[in-house]
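Novice: Got chain D sorted already, so can you dock chains P and S onto it with the hints?
Now for the letters of each chain:
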Amino acid sequence: MSLWLFIQSLIDGLLMGGIYSIMAIGLTLIFGVMGIINFAQGALMMLGMYVTYWAFTLAGIDPYLSLPLSAIALFILGALIQKGVLERVMDAPDHNILLITFGIMMIIENTALVLFSPDFRSITVPWLSETIKMGDYVVSKPKLIAFFISMSVALLLYWFLQKSYLGKAIRGTANNKIGAALVGIKSKRINYITFGLGAAIAAIAGSLMTPIISISPSIGHTFILKTFVVVVLGGLGNVLGAFVGGLIIGVSEALAGAAFSGTLNELVIYVIFVLILIFRPKGIFGGGS
Amino acid sequence: MKRLSLLLFALFFALILAACGESKDNFRETDSQQDEATEETSGSEQVDVIKIGSLHPLTGPQASEGQEMRDAIQLAIDEVNENGGIKSLGGAKVELIDSDSENNPEKGIAEVQTMANAGVVGIIGPYTTAVALAATQEAERIGVPFIVDVGSADAITERGFKYTFRIQPPASKFPEAFLKYVPQLNEEYGVELKTVINAHEDSDFGTGMANVLKENAAAAGLEVLDTLPHPFDTADLSSDVNKIKAQNPDIVSATTYLNDGQLLVETLIGANVKPKAIIGMASGAFSNAKFIREQTDINQYIMDVNYAMNPNSELTEEVKKKYEEKYNKGLGPNAAISYTAAKVLLDAIERAGSTDRDKIREAIAETRLTDHILAQEEIVFDETGQNVNAQPVVNQIIDGRSYVVMPEPYKERDAVYPLP
Amino acid sequence: MKKKWVLIGLLLVFLFTFPLYSTNYLLHIGIITLMFAFASQAWNIISGYSGQFSFGHAAFFGVGAYTSTVLLVEYNVNPWIGMFIGAIIAAAIAFVLGFLTFRYKLKGAYFSLTTLAFAEILRVFVKNTDFFRKTMGIMIPLDINPFWYQFQTRVGYYYTILILTIIITVIVYLISRSRLGFNLIAIRENEDAAQSLGVRTFKNKMIAITLSGGLTAFAGTFYAQYLLFVKPETVFASDISVSILMPAIVGGVGTVAGPIVGSFIVTPLGELTSQMFSNLAGTNLIAYGVIIIIIILFMPEGVVGRYHDWVNRRKKGNKETQEQKESVTS
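Protein chains in written order, with my numbering: chain D, 3 to 291; chain P, 3 to 422; chain S, 1089 to 1418.
Bound-form chain D, shown alone (with noise of 0.2 Å):
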């Protein structure tokens, strides 16, 4: 491998990280504070990459600008999701809430599917086509944006986490649920807000790359695997390791494709992935949000 691809490989592997990252960080906090793996995370990405090219295409708005309006609207979804549906489940066992998220996750899918064709669709927005030049090295536009969207949400979100009232109630009822109760919060309000907040971060992985892919109803099932990978491997319920989990596997996906032939490097993140589970399932930072 030449240096340049070496580098180029580099460049490119951070920016898609910075995708994996934000998806990765809506599953997290879903997880960290409710304990439930949210097969459906990819799937309400979808719907988010949906109202953004609709809001494009119908609406001629800028899909930075819909961001926003798909992130509300999957707020509510998801809250009215764990309103109606994972509620009931909360003490279940683990691979119960599993399945359940899975077929959640099969009924949107499916019925964007009925709804909207399986057609892939794409958007072309004329100020995001040029992709940067720096010297020999070569940036993507919207890539770069979604990279530095998602570290601020990363950021935002810690902050959030840390120092406001309604983020500590949520770490508090994710750490002790009597506890909280005792004092005054209701963690069922919690729990809408915080699965509302996960959905809407996927929603927001989704706008940021409908300038960037094609998308279609099933796009769920590409990112699913490697974010669970990289949730795993930044500690589950970690924000910042999501984040930084995510740059990880999008440079070893990166690194790897440039290595090796064939499309063996889909094998380097499945690896990684049981490699931490075996060995370090807490993951490189530990969990806790």
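Bear in mind the hints are in silico, worked out from the structure with no lab data behind them. Among the hints, erroneous ones may be present.
From chain P, some residues computed to sit far from chain D (all C-beta separations above 12 Å) [to be verified]: (1) Gly162; (2) Ser174; (3) Lys182; (4) Ala222; (5) Pro233; (6) Glu327; (7) Lys361.
With a straight-line cut-off of 27 Å between C-alpha atoms, the simulated BS3-like cross-links for lysine-lysine are [claimed, not checked]: (8) D:Lys143 - P:Lys278; (9) D:Lys284 - S:Lys1092; (10) S:Lys1091 - D:Lys284; (11) P:Lys324 - P:Lys53; (12) P:Lys322 - P:Lys292; (13) P:Lys278 - D:Lys135.
Beta-carbon label-pair distances, calculated as ranges [claimed, not checked]: (14) S:Arg1265 - D:Lys165: 54 to 60 Å; (15) D:Phe287 - S:Ile1255: 46 to 52 Å; (16) D:Phe262 - P:Glu84: 55 to 61 Å; (17) S:Gly1097 - D:Asn177: 52 to 58 Å; (18) D:Leu60 - P:Arg415: 35 to 41 Å; (19) S:Asn1166 - D:Leu146: 58 to 64 Å; (20) S:Ile1255 - D:Pro95: 38 to 44 Å; (21) P:Gln249 - D:Leu60: 38 to 44 Å; (22) P:Glu189 - S:Asp1218: 31 to 37 Å.
Glycine included, every Cβ here is placed at the ideal spot set by N, Cα and C.
Specialist: Relative to the frame of chain D, chains P and S by itself:
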């Protein structure tokens, strides 16, 4: 309480019966001999309706192609019906039974069975190799003629089956054509493009072609520097494009579906990679009507070695117009092949003058169709059921339209080669 | 007690005579239903009885399918024999998986995710390996001969899978009654407690997963011989893992009848919905999603589990009213 279990089983049984009743027509046991529904015939058969089947992915990621192909078959049927139906059967009207393969081999088998039970005398489909292999096998077991419109693996016609026919050229012909035409292009336009990197989707479709290309490149004077597979639904090709940039080939060849093909081109442009030619091999993107028409800021001068309609034929213009009027969509090469398959089947039924599947099979085998819209000579099948004259040609996208640029009888205009 | 056996007897009669009054299409549905009932029953051993939910049983299914197929196509090994070899290899792989996960105490969702990743690793590996013909898959030449595991009509396949399903159900029944079964259930209910009571948790879980993986491979071989074609996207896909676990979830994990009943509900239902809504893609999958949620929310013990509960409550109820009567009259 045991009654509840009994109730459950009865319910299940009832559901099954309901499923029978809901769907299609009466079911009957079929074996590998003919359906009792077919009447004895000797040219003077009188039926009202004759059914043919279409098996394509009507749902899922390949649905838009599948639907276009099914629509093309319907067009061929409508033409026949508007012209008095099948005359040798007393003006029988043709009816299409369209089935969704969901791009799933198991489903394909089930649908073949269902259509056979519904009385189809022939089936056209299915668009992918995996479904083709399974479905034609089932058709062979039952004894229903199956004309593969699109389905690339060589193996489809290499199993000694009697009821399987295929219109498109087998997969190996594409890289062969690539390796024949690139040196020709080099000669005609006075350049020496030699090095190739092949980016392909990693299912049997792309992998098969990649292998043949690699094995035969040297003999044609070309060199394959690298082969880069990717999953067809990949969201990111920057890694592959970086490798292309690092190795700087003259030609980038690509076997893709629509989405990944588009992504490949976008990523190449974004990374400032400018090969001297981009030449697809059966690329589902570069020959896709929508891609050609709409992605003009990225697709200029992209070539594709693929089957095509004969642009120099009036019949082609007519059919394209009819299709566009009826369906509000352009007629793409896959749909053109399905249309042709339907024409072959309908022509065979007319010649057989019978609803007997074996007689129709024989008639298909004896096909000599010159009045067709594909860029090839007469349609004739060899003993394996392959349309022997099927050939890929070289297409190039220029200003939002696709033109055949090689070989001679079908050439519409000169190519732009190499890329400016 | 006798009534249960009468019912089973009736069911067996129905199943054995099914080809007489079914159509070829229904026979195909029946075959697929039984195949997944079989695989789900195998899954039941480690996931139902031991409570370690595997999301990656496609790994063993695929190993079974590929082993017998490669042995047949490359080395002319009879697929009936190849089937057993496939099972042995799958069992070995299950052993490795079990060792990695149980030794390092992976439980619950961590275990499930690991199995998922494991199946994906196998899929990507096969997809990239020339020896397995990568994504092009391997085709089994048509050579109709029951001795070589190919049948002229569907009926042959139907009886094969029916007998296999009966055998594995008997195996699971025997397990449920055995020491191993009790140990597994104890582990499922509370592993630490079981351990402190002297149950060798590691050893029992290893036996369970090895058995489960090995048996699942038989279904893989059957599938390969039925379709005469294997490729990574069909036999190692997560779709297969889902189809394997759904019947047990719906029918009742950790029950003998659960996977069977579940498959008879889920598989035909899938067919029914995709036929009813043939012009709308994916509606059958929406139905599956809804079913999963309904079952987990309201009937996590599954149909058969609910039935058992009902029976037990009735028995208790009868016993109580009996005691009340006695206390009144005496």
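Novice: Please check whether the beta-carbon of P:Ser174 is more than 12 Å away from every beta-carbon in chain D.
Specialist: Given that every Cβ of chain D is farther than 12 Å from that of P:Ser174, nearest at about 21 Å, it holds.
Novice: According to the definition I'm using, a residue is off the interface if its beta carbon is farther than 12 Å from all beta carbons of the partner; does P:Ala222 meet that for chain D?
Specialist: 23 Å, holds
Novice: Between P:Glu189 and S:Asp1218, does the C-beta distance stay in 31 to 37 Å?
Specialist: 35 Å, holds
Novice: Tell me if the straight-line CA distance from D:Lys143 to P:Lys278 falls inside 27 Å.
Specialist: Answer holds: D:Lys143 to P:Lys278 is near 26 Å, not above 27 Å.
Novice: Does the Cβ-Cβ separation between P:Gln249 and D:Leu60 fall within 38 to 44 Å?
Specialist: With Cβ atoms ~43 Å apart, the hint holds.
Novice: So the hint says 58 to 64 Å: do the beta-carbon atoms of S:Asn1166 and D:Leu146 match that?
Specialist: Given about 59 Å between the Cβ atoms, the range holds.
Novice: Has the hinted range 38 to 44 Å been met by the Cβ atoms of S:Ile1255 and D:Pro95?
Specialist: 30 Å, violated
Novice: D:Leu60 and P:Arg415, beta-carbon distance inside 35 to 41 Å?
Specialist: 38 Å, holds
Novice: Could you let me know if the closest chain D CB is still more than 12 Å away from the CB of P:Pro233?
Specialist: The assertion about P:Pro233 is violated, with a minimum of 6 Å to chain D.
Novice: Assess, step by step, whether the Cα of P:Lys324 is no farther than 27 Å from the Cα of P:Lys53, and give holds or violated.
Specialist: Holds - the C-alpha atoms of P:Lys53 and P:Lys324 are around 23 Å apart, at most 27 Å.
Novice: Given the proposed pairing of P:Lys278 with D:Lys135, does the C-alpha separation stay at or below 27 Å?
Specialist: Holds - the C-alpha atoms of D:Lys135 and P:Lys278 are around 21 Å apart, at most 27 Å.
Novice: Would you assess whether P:Gly162, listed as outside the interface, keeps its beta-carbon beyond 12 Å of every beta-carbon in chain D?
Specialist: 33 Å, holds
Against the hints set out earlier in the document, violations occur for numbers 5, 9, 10, 20.
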